[in-house]
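K.L.:
Listed here are the chains, written in short residue letters.
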Amino acid sequence: MKAFALYRVELRRLALSKFTWIAAGLSVCGPLFGYDMYVPSSTWVMTGKYIANPVLAGAVLWAVLSMLESDRIYRAKTDVLTDAVLSPDTLAASRMFAVMTLCAAVSLLTALVYLPYTMNKVGYLFELGLYAYSFLIVLLPTWWISILLAAALYQITRRIELAGLLYAVCVYFSFSQFFGNHYFTHWINPIILSYSDGFSNASPLRITLYTRFIWLAIAGGAFALSLLCMRRYQKNLLGSIARGVRKIYIPITAAALVSAGVFLWTGQPFVDHGPIEYDYEYRYRRDVGSSNTRVSSASYRLEPNVMAGRLKGRVTFDFTKYGEGEDWIAMNPGYTIAKMTVDGDDIPYKTLIGSEVNGERKTVFTLPPVSARRNLVVEYEGFPSSAKCFPLSVTTEISLEYISLINDGVGPFSTSFVPCASSTWELILPSGLTPVVDHVLLENPEDNHNGTKTWRTTIYRYGLPWILAADFDAITFEAAGTAVELIYAHKYDRNMREYGVSKAIADVMNYCTEHQGKLGFAKGKRLVMLQRSAMFGGGNAGDGWVEWSEDIFTQSNLSDPLKGASAMEVFAHEIIHEWWGGLGVVCGEYDDPFYAAWSDEGLTVYTTYRLMKEKYGELYAAQNYIDVWQAAVDKQNRGFYYRHPEYLAKLPEQYQAQLNSEARETNQYCRMPLMILKAERLVGGEAKFDEILQAIHRQYASTGQMFTYQDFLDACDLREEDVILEQDFQI
Amino acid sequence: MKIEANQLTMIYPSGKKALQNISVRMESPNLIGILGPNGAGKTTLMKLLIAGLIPTKGDILLDGKALLPQENRLKSQLGYLPQSFGLYDELSVWQFLDYMAALKGLKGKKAIDDALAVANLAEHRKVRIGALSGGLRQRVGIAQALLGNPQLLILDEPTVGLDPEERVKFRNIFSEMARDKLLLLSTHIVEDVQSICNRVLIVHDGHILFDGEPAELIARTEGHVGVYVSQIGDPTPEGCQVVSKVNTARGIQCRVVAECLPGFAKAAEPTLEDAYLHRIGKGADAL
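First to last, the sequence lines map onto chains A and B.
Residue 231 in numbering that gives the first Met the number 0 sits at position 232 of the first sequence, with consecutive numbering throughout.
Residue 157 in numbering that gives the first Met the number 0 sits at position 158 of the second sequence, with consecutive numbering throughout.
Since the hints were made in silico from the structure, they are not lab data.
Owing to the predicted nature of the structure, the values given are computational and were not obtained by experimental measurement.
Any given hint might turn out to be false.
[To be verified] A partial selection of chain B residues facing chain A, derived with a Cβ cut-off under 8 Å:
#1 0
#2 2
#3 74
#4 83
#5 90
#6 93
#7 97
#8 163
#9 167
[Claimed, not checked] Computed list of lysine-lysine pairs in DSSO-like fashion (alpha-carbon distance at most 27 Å, straight line):
#10 B/15 to A/1
#11 A/687 to A/612
#12 A/234 to B/180
#13 A/76 to B/64
The beta-carbon is built from N, C-alpha and C at its ideal position, and this holds for glycine as well.
With the hints as extra help, turn the sequences into a complete structure.
P.N.:
Right under this line is the structure:
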């Protein structure tokens, strides 16, 4: 009762303070800055821009208020009165609860103030739940963390300027890249990789909520610790601590909270805990078929727990084994094997924790040599994690509205086996989700009459499929003589129809067909275009399919001709891959170190430039393509390790891999398009070059024959030295 | 309520010896005046008694038990007015007293209304503290100390800044309260002590020079107070401390205290002020 009375009067006192009103007023204005000055969300979906924007400016204001109020009692010399009737730590604690309550009230007010504007901007895609969660999960806890930390720093130092300085250092720590671009180091500016308008926001909200718990525990622990430092009996810091620890519940609370924060940090399930190394070549040199085990069939059964974000799976491999030898499977480090049996009998296995490569964890075991077909069953379960080398990529998600299982997130696979060419899949999903497996929208599910449906399919290729599930819609249309199936989130239906997306796709396809030749699909095959969550980012293309992040289809992109032009780049780029890559001309050899610049990307990027030049004019194309390529190449040419590769070889392997990966990207996306542009000019201009490309397309498309860099030079009747830029690009 | 201080020594980190080996015992009901020059150790003694400081040596007992472990109990029964204090200017008088009442764990409005009435602040209850005069702020300070009718009142210079009428009024209030409470009053105004205190402590240079009834102190000064008339330019007789000088038609009538009065001085009836000055003049050596 006394505690409540204390809290009540502190609350009233704060409510009457002008500092509180200044902090509250500026906090409410915070989102105005967030619309332009600071963008936490990396993609421009509507919710990312209008909901994930940083009302976090308030965190600093509340920290300042917290420090001022902590200092005020001493500045006003009121402490001589209050200390005589109450322990200063009790008063500090009640003051902190009062500040946090006011802060909650202001966050509610901020949410209400911006609600009409946000609803208006986001339009029919607006979701009140997401809006509320953004304030409850992202904003409010962050303000609280800031308040607790600032108060703790003040109480430890008892000097407002020193506390302010230390707080600024903590803020710098959160914004700097010094500790890596890591979800968990961003205490004041939580990373919201992206929000999604049409799919699910479970991933960013889950991660943010988790990091908020971590930092609330740590900041709460620091605050409890600082209560020990409250100066009393006119003693200094150490003397006060010596007296303070006698209230044993304070150090116990502080230790418990800090321990909880550390436990949550170290035990987080979102990013794997293995080594950070990324081995770019790993996927291409895995020990394929190294064991004597041959798999004749594989069947998977996946049952996602959409509320917990976990996957329960079971895979059955029918195998034979000729000879001795160790076998292995790999899967996402978030999954653990519950059981491994051969013909019903448990077999020993060992999971190699800490030896993950690219976020895949191996489990080794030895299958018995058998000539008759046996079956190996692996049951696994867990929360899929991101690879530590790409901690900010959210390719895997299991939630009520969206499921994305890619690569190792699907389940165990083994390249040590001699694999089978097909596998069967059984997916048990909530009724509202429709799966797309390897870019095929599944049909005819079996209703389980318990809110779930079972979907079955067979894939006819080696390896694991990409499994997506959402409330998908599909429309089919014809473009440049090709049947196109556009699969997208149901929520985007209005945008897709209102803004004529199918016509925009047809425009790109018509351009490429006209300038570079017709797509070489087998008769009756469709081009599948798949919209994915904004978490995915960018685009991707393959054999008869193209996929984009949803941000390309947002209202602002589709309705703004200027912005649309830049968003069209990815949109068009991925469609053009059907001409250069995918089912079109495949430009190899990917791993050739000298011609690392030569890939599908060069001609795709060049063609995108040509398309934009035609749509928006020469100046636009020069500024947004040629200048950008040149700047990236110039930057690379100036790079120390690029000019001195002998020093590159002395770096640790993971840094070499990282630098090589960056160089490869510049070479593919910028250097090679510049070289192709040079070739275009050398052969006599665009019209002549288009003729050459058409000829190449006729000769190579859909043949499976690799189109090499030398083939390209031959087709243009040019020599290597003709098109090379000023400096050698080898790295 | 009973407070005992045994052989208390307080040395600040700066090395200043504020109190040296003092012992004192206080029991309710009592109104004890603490007199002493600036820097004598009065405020330090009060801070020790409210558990605002920990003595370097010695101990303080509250009802026979060590004070610090009973800090919460002490604070629940304490009304304290420090010599120098601040208030929250944005709050009204009533809101501030409500704030302090909550800190003291008092429920209801009665305690606040009573304190307002005693401190004669009822008509100012809605006025913002920032708008109050110095005297009214002092009355707010007194009112917060009186909140909840505490059993132990420690008041450091409570009547500073009050007009004479208010000073007399508060003096009488303190006197009435002391009928069933322990009240410690530190002041420079000897008249206040003489009027209401039944016991006086004289603190000087960290020592207690006198602990007893004012009458006893006065009695000890009998024969050490005298008056004489001097002219302008006359030196003060050796060993005399002038208490007052009054211009008269015959010259300057001087009132002095001295261990040994000069022959031309006529003995006078000592007051508490004379006695205080006499005792201070003798210093700690006379203990």
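K.L.:
Any of the earlier hints contradicted here, and which numbers?
P.N.:
When the structure is compared with the hints, numbers 1, 2, 6, 8, 9, 10, 12, 13 turn out to be violated.
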